[in-house]
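J.: Number 284 in UniProt numbering belongs to position 284 of the sequence shown; there are no gaps in the numbering.
Calculated from the structure, these hints are not laboratory results. The model shown is predicted, which means the values in this text are computed figures rather than measured ones. Mixed in with the good hints, there may be bad ones.
Restricting the straight-line Cα-Cα distance to at most 30 Å, the calculated cross-link-like pairs of lysine-lysine (DSS-like) are [stated by the list, open to error]:
1) LYS266 with LYS324
2) LYS298 with LYS141
3) LYS309 with LYS298
If you anchor each label on the Cβ, the simulated ranges turn out as follows [stated by the list, open to error]:
4) VAL315 with GLY117: 21 to 31 Å
5) SER40 with GLN134: 18 to 28 Å
6) SER262 with TYR135: 11 to 21 Å
7) SER163 with ASP65: 33 to 43 Å
Note that CB positions come from ideal geometry on N, CA and C, so glycine has one too.
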Amino acid sequence: MKLKNKKVLVTGADGFIGSHLVEMLVESGAGVKALNQYNSFNNWGWLEALDCLSDIEVVSGDVRDPHFCKEITKNTDVIFHLAALIAIPYSYIAPDSYVDTNVKGTLNICQAAKENGCERVIHTSTSEVYGTAQYVPIDEKHPLQPQSPYSASKIGADHMAMSFHQAFGLPVTIARPFNTYGPRQSARAVIPTIIGQIAAGAKKIKLGDLTPTRDFNYVLDTCKGFTALAQSDQTIGEIVNIGSGVEISVADTLDLIRKMMSSDVKFVTDDQRLRPKDSEVFRLCCDNTKINQLTGFKPDYSLEQGLEKTIEWFVDPENLSHYKTDIYNV
Numbered sequence: 001m002k003l004k005n006k007k008v009l010v011t012g013a014d015g016f017i018g019s020h021l022v023e024m025l026v027e028s029g030a031g032v033k034a035l036n037q038y039n040s041f042n043n044w045g046w047l048e049a050l051d052c053l054s055d056i057e058v059v060s061g062d063v064r065d066p067h068f069c070k071e072i073t074k075n076t077d078v079i080f081h082l083a084a085l086i087a088i089p090y091s092y093i094a095p096d097s098y099v100d101t102n103v104k105g106t107l108n109i110c111q112a113a114k115e116n117g118c119e120r121v122i123h124t125s126t127s128e129v130y131g132t133a134q135y136v137p138i139d140e141k142h143p144l145q146p147q148s149p150y151s152a153s154k155i156g157a158d159h160m161a162m163s164f165h166q167a168f169g170l171p172v173t174i175a176r177p178f179n180t181y182g183p184r185q186s187a188r189a190v191i192p193t194i195i196g197q198i199a200a201g202a203k204k205i206k207l208g209d210l211t212p213t214r215d216f217n218y219v220l221d222t223c224k225g226f227t228a229l230a231q232s233d234q235t236i237g238e239i240v241n242i243g244s245g246v247e248i249s250v251a252d253t254l255d256l257i258r259k260m261m262s263s264d265v266k267f268v269t270d271d272q273r274l275r276p277k278d279s280e281v282f283r284l285c286c287d288n289t290k291i292n293q294l295t296g297f298k299p300d301y302s303l304e305q306g307l308e309k310t311i312e313w314f315v316d317p318e319n320l321s322h323y324k325t326d327i328y329n330v
């Protein structure tokens, strides 16, 4: 299925990955409806930074409301469901809100898609559902391990989405991206935390554990993976990883950023940024064989290339002004 001329809904469009996906979909010729979380300020998040804003329909609301979900999915061909609470530390404080948004929100979108006869639903998962790798690279058959309330809520959401495929034939695909980074990412994530603080002139940066390894993916590669999954009928009813297959420690990533930014900043451990002992995911590395076989997907950006573009964006004073680099973002 080609996305050109399709009517597409993106939930969570006002966020980091969602805003980049909206841009990519507009470029592909899709008619895009972008869901922004309702707020009384009429603020559309990162959608307001898009050059293509006049080419999309922005609607404000909340996926936690089933009646609203039924309304916005009418006359929609494809849904990219990205709306979610994603901050792991905050899930320790407010786990109930993660169930409401991630599990019940997914239920509402799937029910609405079923009732309105949508052609495709791409539901967003996360590599966090795998927990610390029992083997690498991690394929889609790897056991699921809920090592945080966030992870548990995403496992629940994934199962809810897949149940609608199994029980009702809803054409669902579960996209499971590994660690995405790039322009517009929240300061709660490690890469923008480092780049933002160095750009703001910090001499010491407080961080959590630097030993875990991650499979970092530039945001445009993640979005390319989403669109590839939507355009392949072979991915219906499948769970599919999106990742590079390259593993690097957080410490080595930070050293690379420090070198690329010609900085002598020092990294210090901050206890409040450490996850509880059994909650830390110590190793993630993607097996992307399945997405390659089903869609031909391969990443376009190396880590160095992606970091170069990310640094270039963050050091722009106008972009950096959106961040409070001196505050720890839970």
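J.: Decide if the proposed pair is consistent with the structure: LYS309 and LYS298, CA atoms, cutoff 30 Å inclusive.
T.: It holds: about 19 Å lies between the C-alpha atoms, which stays within 30 Å.
J.: Given the hinted pair LYS266 and LYS324, is their Cα-Cα distance within 30 Å?
T.: Within the cut-off at roughly 19 Å; holds.
J.: Please verify whether LYS298 and LYS141 have alpha carbons no more than 30 Å apart.
T.: holds (20 Å)
J.: CB of VAL315 to CB of GLY117, is that within 21 to 31 Å?
T.: violated (47 Å)
J.: Using the beta carbons of SER40 and GLN134, state whether their distance is inside 18 to 28 Å or not.
T.: violated (46 Å)
J.: Can you let me know if the beta-carbon spacing of SER163 and ASP65 is within 33 to 43 Å?
T.: violated (21 Å)
J.: A range of 11 to 21 Å was offered for this pair. Does it hold for the Cβ distance of SER262 and TYR135?
T.: Taking Cβ atoms as reference, SER262 and TYR135 lie about 38 Å apart, which means the hint is violated.
Hints 4, 5, 6, 7 from the earlier list are contradicted by this structure; the remaining hints agree with it.
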